[in-house]
Structures are given as C-alpha cells and as structure tokens.
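Protein sequence lines, in the order shown, are assigned to chains A and B. The opening residue of the first sequence carries number 686 in this note's numbering; numbering runs sequentially from there. The opening residue of the second sequence carries number 686 in this note's numbering; numbering runs sequentially from there.
One or more hints might be untrue.
Heads up, the list lumps identical chains together, so a pair's fine if it works in one copy or across two of them.
[Stated by the list, open to error] Listed next, the in silico BS3-like pairs over lysine-lysine satisfying Cα-Cα at most 25 Å (straight line):
#: 1; residue 1: K847; residue 2: K1013
#: 2; residue 1: K814; residue 2: K843
#: 3; residue 1: K715; residue 2: K812
#: 4; residue 1: K768; residue 2: K814
#: 5; residue 1: K690; residue 2: K931
#: 6; residue 1: K847; residue 2: K824
#: 7; residue 1: K997; residue 2: K768
#: 8; residue 1: K691; residue 2: K715
#: 9; residue 1: K847; residue 2: K1028
Bear in mind the hints are in silico, worked out from the structure with no lab data behind them.
There are 2 protein chains.
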Amino acid sequence: MDERKKQILHTLIRDYVDVGEPVGSRTIAKKYGLGVSPATIRNEMSDLEEMGFIMQPHASAGRVPSDKGYRYYVDNLMEPEEKLLSDEEQQQVTDFFRNCTEEMEQLFQQSCKLLSCMTNYTAMLMKPKLEACVLERLKLVRLNDNQLLAIMITDDGKIHNKIVRLPAEISDDSLAEAEALLQERLLGLSFAQVLDCLTSEIAHQLLQQQSRLQQALALMQQLLLDYSEEDAGGKMLIQGTLNLLKQPEFHDVDTVRELFTVLETDAVVKELLLMASQQRQGTVVYIGDELSSRGMSACSMVTTPFYVNGEKVGSIGVLGPTRMPYPKIIALVEQVGSLVSRKGGGHGADK
Amino acid sequence: MDERKKQILHTLIRDYVDVGEPVGSRTIAKKYGLGVSPATIRNEMSDLEEMGFIMQPHASAGRVPSDKGYRYYVDNLMEPEEKLLSDEEQQQVTDFFRNCTEEMEQLFQQSCKLLSCMTNYTAMLMKPKLEACVLERLKLVRLNDNQLLAIMITDDGKIHNKIVRLPAEISDDSLAEAEALLQERLLGLSFAQVLDCLTSEIAHQLLQQQSRLQQALALMQQLLLDYSEEDAGGKMLIQGTLNLLKQPEFHDVDTVRELFTVLETDAVVKELLLMASQQRQGTVVYIGDELSSRGMSACSMVTTPFYVNGEKVGSIGVLGPTRMPYPKIIALVEQVGSLVSRKGGGHGADK
DNA sequence: GTTAGCACTCTAACCTATCGAGTGCTAATA
DNA sequence: TATTAGCACTCGATAGGTTAGAGTGCTAAC
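Please model the entire structure based on the sequences and the hints provided.
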C-alpha cells in the first residue's frame, strides 16, 4: 500500500461520502489534482479493487469503498483536521450542555436526541446498569398485615419500590429491627454488592436471629433478582429511527422493514453497544458487515463510552449508513460522550 | 340509492378489499351473479361514481371505493354474518384471555400486541387516566430533615412516589398528624377528587391548624399537578407499527415517513382515541380523511372503549389501510375490547 | 512508470409498439 | 322504459429497441 494508493483511496472515500455516487478516475484526477492522469489512477484503482478496498457496483461504473476500505480509512487515513466540528456545531453542543438538566434520565434522553438531530442518523444510548448504582436509602413500610413496601433510593436519584408479600405476620419491632439491620449493612453498597451480601452473610445472620425474617429476606432477594434480570446489559434508549428514512440507502421498503425490525427488538443493538463498551479503546466504530446482523449491513455504528466517577458506566452512539462522514461523526459522538460524562459526574437525588 | 346500487357497492367493496385491485363491471357481473349484464352494472357504477361512492384511479381502470363509499358500507351495508370471526381467530382470542395476566399494565400491552398480530395492522390503546384511579394508600416517609417521600398506591396496583422538599423543618409529630389527616380525607377518592379536595377544604383546614404544613401541602399539590399534566388524555400504547410496512399501500418511503412521524409523536392518535371515546356509541370507525391528518389519509381506524366497573376508562383500537376488511376488524376489536373490560373489571394490587 | 487513445461495456433514459382491461356510447331488444 | 350487445376509444403496463454517457481496460507510445 504505497503513498499514492492511500491518497487515492482517501480521496475516493471523501468524494463518495460527499456526493453519494460511484467515483471515477477522471473525477479523482480533476477535482483533486494529484498530478497524474486518469489512466494512472485507473491502474491504481484496479489494484485497490484487487486488494478489496473498493469495488464496482457494475462494470463501467465508478468505484465505491468497500467495508474494508472504510475500515482502512478509519484506522489509517483519517486526519485530525477532518475531525473538527464546524463552529455552529460546536456552538450547538456547548449550548445544549450549558442549559441541559442535571437529572440523569433526562440528560440521557436529551443527549440522544441531540445526537440524532445533529447527525440526522439514529442515536442510541445504553444506560448505566443498576448494578453499579449505590444504594443510598432503604425503607420498609408496612402496608398491612401481610404486605410490605420496600423502597430503595439509589445515588442516581431513582426511587425503586416493590410490594413484598409476607408469608407470615411480623411484628412492628421485628420489622424495625430488620430495617435497621439492612440499612446498616447495605447502605453505601452498589446493587451488585447488595446482591452478594444478601445471598451470604446477612442472610445467615438473620436466619439465626429470627426464622420468620428469613422469609421476608428471601423476598427482598427476589426483588433484587428481578431487577438484576431486567438490568442485564443496561437499558437502551433509541432516538431518531425515522431519520434513517431520509437516507437514500434506505429508499426501499423491504430494507427498511428489516432494519427497523432489528432496531425494534433492540437486543442486537444492545449487544453491540455492550461489546463496544468492553473494548479497551474508547470510541469504537463498527462498519457494515462488522455489525453482523442482516438488515444492518448497509449501516455503520460509532459509539463511545461515558463515565461516572471515573468508571465506564454506559455508551452513547450513532447508527447511520456506511456511507457516513466518519471523522465528523466520531468527533461529535466523542464530544457528546465526554460532556455526558462531565455532567453525569456528580449527580444525585439531592441536587 | 336503490337496492341494486347497494348490492353493487357492497360487492365492489368486498372484492376490492379482498383482491386489492380496481374492480370492473365484468368482475362484478361474473364473480357475483346479480343476473344482469356488465353493461347494466356499468351504468349503475357510473351513477355511483357521480354520487361519490366510488372512483376511478384513471380512466379505463375499474372502480375503487372512496372514503364516502367505505363510510356508507360501514354504516349501512355490512351484514351481521360478515362480522363473524373464523373459528381459529375466535380460539386465538379466547385462549389469549384465558391465559393472560391479571396485571393491568401487562394486560394492556399484551392485548395491544394480540390485536396487532391478528390484524397485521397497528394496534393502539389509551390507558385509563390516572384521574379515575382510586387512592388506596398514602404514606409520607421522612428521608431527612428537609426531604419527604410521598408514596401513593392506587387501585390499579401502581405505586406512585415522589420526593418532596420541605421548605422548613417539621417535627415527627406534625408529620404523623399530617399523614393521618390526609389519609382520613383522601383515601378512597379518585385522583381527580383528591385534587379537588386538596385545593379546597383540607388545605384550609390544615392552614388553620399549622401554617408550616401549608407549605408541605402545597408541595403535595404540586406533585399531583405534575401527574395530572402528564396524565392529560391518558397514556398511549402503540404496537406493531412495522406491520403497516407489509401493506402494499405503504410501499413508498415518503408515505411511510409521513405516517410514522405522526405515529411517533402520538399526539394526533391520542386526540383521535380521545374523541372516539367521548362518542356515545361504542365502537367508532374513522375512515381516510376523517382522520384529518396528513400522512394518514390512506388509513382507517377502528376503536372501541373498554370499561372498569361500568365506567368507560380507555380505548383500544387498530389503525390500518382504508382498504381493510371492516366487519372482521370491527368484530375483533370489539371482542378484544369487551374481554379487556371483563379482565380489567376486578383487578388491583392485592391479587 | 506514465499517459493518450480507443474500443468496449453497461446503465439509464427515452421512445415506440402492442396488448388488454375497462369504459362510455349507441342502437337494438324485450 | 329498462336492459343489453356491440363497438370504438382510452389508458396503463409491458416489452423491445435505440441512444447517450460514463467509465473502464488495454495497447502502444512517450
């Protein structure tokens, strides 16, 4: 892969992303003077095609980047100056984060919306897992003889509650005792830790102290298990699905149906965001078939994690056609990601 | 509108709904022997067109029902035997409701899904307004010196809660007193009544008793106002939007985008369901332009209310192309509606 | 190694002819 | 007077053919 090939590939991709039509040798030679003739470029393009970086939609059309081509571009060719946002864009983002709410749930939703509006693609966000939330308060409130309301407040300001049925009656004193014990042991722990704790130590202790409570405890456990199930992999937000309909690559209803079906179930998307967030690097770009899901092979995804207290807790990203202006999108996603991190840094119920 | 014209219109609509293509005079004469020749039918069709019941997509094509035609069909021509569900369909519905959950939220969602699956259209449901829910329990739990957690449990089994900031400190005694008073006055009332109550009587009383509480009360009020705002017109469920893509009338991406944009905001749909539920009759059918929204002129909507304790509390319905088998869809919607009513009849948190 | 020239290929767009479905009209019929 | 057969006409859809243009690949010259 010599320098000139790189230049040609780079140029071709930029032009194709810009214009949306196969790029011919003449165009490359003319629009972006490389000082060589179309014929030379043709030869190089022929090589690039053999190498799998570009392809022809049909004989006697120009060339189009392949997934591999985009991949090479993203990994090796993009230049820092391509990654700059325009002044208005920059302004729009900072304005948004200056005025936005501190409340996490809304912050997530609005950030998602911001991304989808600015890119005209679909934006998605994986919320922090509950697991990582710290239990700040715990209350047990008796509803009647055999029903108990468990209230938990976590450090993200959410109130969780559930009605627990008591298998046997329980005295006010025992209840207060149980509450105090649970509070002492569990407050300040993350949900994940709470779960551990509950299954081991305290359970034993309580079991010794009072066998009736054992059952109440089992119910508490059940409650948390409920959460951890529905919590698996965090919850998803998706914004601006309809934006994709504006893209020329989705002008066929069957394609659209396939794609939307995938998005609707959101299991696939979730898995991808999860995979991305487990990578060591920050921003991850999936291109075309790397998304490994039928219906999304014409798409690319750019995601970046966001942090709370230095810990990776979620991801935010964008799904668009493979033919997307990667540098700009990457810059935007990263920018938004880092601002979500900053805003989310010190949040809570009591703000 | 003589008898024969009615017959012809009826036949034409049935055939068109079935086949999906403009119906000619020959087809009507042949497939459904009316004992007259195509020429006669042509004359009648010409009249029907003048009257606005049918139209030609282009000269020298067959005829297609107009919105007005469908309307006449729905109002005057449908026969009871057309409204029967097939055995399998009947089976499917009863099976579903035999096995379904008692929990309201899930019942709604699943009924919606059932409708969308069986019709292959989009199903929608307007949940009961909170307003109508009866307050069953009310608890005030102190979180710390200046925060209070208000917990309300309504008769549909939902737990509502909100953190209320106290402008000034309040003693445990006053709190208990306030709680007791509120419980005494508010429990057993609907949210709407609670709201009334709170703004008038009790507020006065409390104001006299203890001016500090006044502010806490104001906050409670605020909390309920929040609810009543977001509650305006009930919340919506929409299921199976993608089904519409299967319909041949939505094979154009621009149409789809327009339609989906309307569905996404769901304000329009909500308004329609609301309007429908205010009608005196049960089931309401909106046809084509009667939906009076751009992007939905190729659609029809069939909705029916459902009841809890004899009171109309919500609606459930289906949105499909104007070319839909009205009798069947109406029958299905009504059937599901009445079963939702029955299931929802005696529900609650303690089941 | 690079380039000009040229033949070749393939698509998209346009035109044309043809076919068939369905109509509307007219005149004959019961 | 209502019905019908017959017929000319319209229009959309389909298929085939032509053309224009873009772009290539190859070859031979620089």
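Right, here's what the structure says about each hint:
| no. | hint | result |
| --- | --- | --- |
| 1 | K847 with K1013 | neither (45 Å within a copy, 41 Å between copies) |
| 2 | K814 with K843 | both (13 Å within a copy, 24 Å between copies) |
| 3 | K715 with K812 | neither (48 Å within a copy, 62 Å between copies) |
| 4 | K768 with K814 | neither (31 Å within a copy, 49 Å between copies) |
| 5 | K690 with K931 | neither (33 Å within a copy, 45 Å between copies) |
| 6 | K847 with K824 | both (11 Å within a copy, 14 Å between copies) |
| 7 | K997 with K768 | within (24 Å within a copy, 57 Å between copies) |
| 8 | K691 with K715 | within (17 Å within a copy, 69 Å between copies) |
| 9 | K847 with K1028 | between (30 Å within a copy, 23 Å between copies) |
Of the numbered hints given earlier, the model fails hints 1, 3, 4 and 5; all others are met.
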